[in-house]
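In order, the protein sequences belong to chains P and W. To convert, note that position 182 of the first sequence is 182 in the numbering used here; the numbers rise steadily by one, no gaps. To convert, note that position 152 of the second sequence is 152 in the numbering used here; the numbers rise steadily by one, no gaps.
None of these hints come from the bench; they were simulated from the model. Treat the numbers as computed from the prediction; the structure is a model and nothing was measured. All C-beta atoms, glycine included, are put in the ideal place defined by N, C-alpha and C. There may be inaccurate statements among the hints.
[What the hints assert, rightly or not] Derived contacts from chain W toward chain P, CB cut-off under 7 Å, selection only:
id, residue
1, G19
2, M20
3, Y26
4, S31
5, T33
6, T82
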Amino acid sequence: MEAQVIQFFQWFWNLFGLWDLVWSFVAPAWPLIWTLVKIIAIVAPLMIGVAYFTYAERKILAYMQVRVGPNRVGYYGLLQPIADGIKLMFKELIVPIRSNKFLFAISPVIVLAPALAAWSVVPFSNGMVLANINAGLLFILSMTSIGVYGVIIAGWASNSKYAFLGAMRSAAQMVSYELPMGFALVCVLLAAQSMNLTDIVNGQQTNAGLFGWYFVPLFPMFIVYFIAGVAETNRAPFDVAEGESEIVAGFHVEYSGMGFALFFLGEYANMILIGGLTTLFFLGGWLNPFHGWGVIGVYTDMVPGLIWMLGKMFFILFMFLWFRATFPRYRYDQLMRLGWKILIPFTLIWVVVVAAWMQTPYWVWSSVQG
Amino acid sequence: MNKLFYYVKSFMLWELLKGMALTGRYMFARSITVHFPEEKTPQSFRFRGLHAQRRYANGEERCIGCKLCEAVCPALAIHIETEERDDGTRRTTRYDIDLVKCIFCGFCEEACPVDAIVETRIFEYHGEKRGDLYYTKEMLLAVGDKYEAQIAKDRADDSAYR
């Protein structure tokens with residue numbers, strides 16, 4: 001890909017006979033430029049994805065509630081997220097007078113930046129990754145847990161009791177659910193014997209198609225990871241941090257305009273990230289679910305891995321919306337009880353079970369590479 | 001045994017799955033939304049919308065300035081001033097309804113002995129600046145003149161139930 005792009009520019013500038021001159025200027029900065037291009041290629045579709053995820057959310061929620069949803073702006077309301085974006089951009093930025101201005105301004109960035117940074121190690125297809133680092137899983141864990149600082153700082157800097165209460169709830173919740181999430185990932189780590197996300201996905205490549213993926217042997221962990229992921233992103237039914245009926249909007253109650261939009265972007269980028277990670281860890285990433293299934297396998301192998309990856313992510317994200325349409329919000333003590341007294345002991349036991357299982361001949365998920 | 005069954009059931013997330021099946025089913029149900037400007041729900045002939053002042057067939061205004069509506073109005077939205085006319089009858093010189101105060105309870109209509117003040121089926125009206133929703137006697141009479149046929153028909157339909 002990189003070589004083709006350079007070749008194209010070489011052809012273009014050679015039309016004017018300037019290639020050598022241009023390249024002598026560009027060559028030192030080329031790795032940086034190429035990385036920037038790749039970052040844009042990830043972030044721009046992500047932002048569009050976030051915009052249209054809000055649209056999908058409103059439409060799907062509406063259908064599940066026997067309504068129609070947005071249908072006025074453009075065909076079937078398809079321009080609604082763009083209209084919302086323009087509205088948010090032109091809205092007045094209100095800064096509370098007793099707030100800490102610096103922290104108030106910086107906290108939306110702290111929420112959004114790690115949500116975007118985590119995408120740097122997410123492989124979209126075999127080799128299609130910005131940074132193929134060996135400790136990818138650790139990087140993801142550390143990045144997703146930085147977001148909580150943004151939430152706490154936002155709640156503190158707003159100098160408002162609702163924002164503060166929301167931030168406290170959110171912080172406690174995100175810290176509690178990080179543990180079962182981490183333990184669920186320890187199981188994946190045991191199974192894959194690698195922290196490199198590309199290797200984790202390739203470890204799920206067997207001739208059994210989707211039965212070779214880790215959601216089969218680690219099914220309880222798949223559920224736990226998904227529940228913890230919903231809680232991590234403060235989504236319904238774990239959205240006590242926002243709790244519209246109790247504390248207005250939680251930690252971002254004092255934000256308006258683009259500040260609010262950044263929190264929104266961060267939240268939805270995190271959701272899409274959780275969708276992508278669940279896909280990578282448990283649903284075989286870009287792998288074909290029918291691989292090795294005779295004729296079907298041969299034909300479906302022609303579909304590019306990116307399509308499978310995105311399809312699985314859509315499925316997970318649809319589940320997020322389905323949850324929101326179905327479940328009422330947990331009470332705060334129930335939420336803490338679920339996290340500490342059910343999920344954490346359960347995952348701890350399951351780590352031991354998986355580790356023991358892997359020592360027996362009944363563990364067949366890492367042996368049939370192919 | 002029951003307790004074991006309960007634990008198994010809750011770890012299988014059985015009830016959550018049942019709930020999701022329900023919402024999943026409703027996703028494909030026909031939406032019951034009325035697409036408002038294009039579609040409208042049927043209205044009762046007792047619908048209480050924008051007010052109107054009526055006239056008799058000979059063009060004489062019905063209102064005799066008894067101020068019963070002003071007295072009964074719970075929102076104090078009606079303001080009336082009257083004087084005696086040359087022919088000895090009492091008529092209003094001012095009859096104002098502040099639609100911003102009005103709660104559309106229909107008491108004025110009930111109180112009126114001559115069916116002068118009525119509430120019509122109109123509900124899609126608006127004001128663009130302050131004071132636009134302060135309806136004077138002329139405006140109310142204009143509404144009545146415009147929709148007299150509908151108003152008379154609604155009163156006739158309703159009379160069967162009184």
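(message) Interface hint check: W:G19, Cβ to nearest Cβ on chain P, cutoff 7 Å. Holds or violated?
(response) For W:G19, the interface hint holds, since the closest Cβ of chain P sits about 5 Å away, which is under 7 Å.
(message) Min Cβ distance, W:M20 to chain P: is it shorter than 7 Å?
(response) holds (5 Å)
(request) Double-check W:T33 for me: the hint is only fine if its C-beta lies closer than 7 Å to a C-beta in chain P. (result) holds (4 Å)
(request) Identify whether the interface hint at W:S31 stands, where standing means a beta carbon of chain P within less than 7 Å of its own. (result) Since the shortest Cβ distance to chain P is 5 Å, the answer is holds.
(request) Closer than 7 Å between Cβ atoms is the bar; does W:T82 clear it against chain P? Give me holds or violated. (result) Violated - the Cβ of W:T82 stays beyond 7 Å from chain P, reaching only about 48 Å at its closest.
(request) Report holds or violated for the interface hint on W:Y26, using the least CB-CB distance to chain P and a cut-off of 7 Å. (result) holds (6 Å)
Comparing the model with each numbered hint stated earlier shows that hint 6 is the single one that does not hold.
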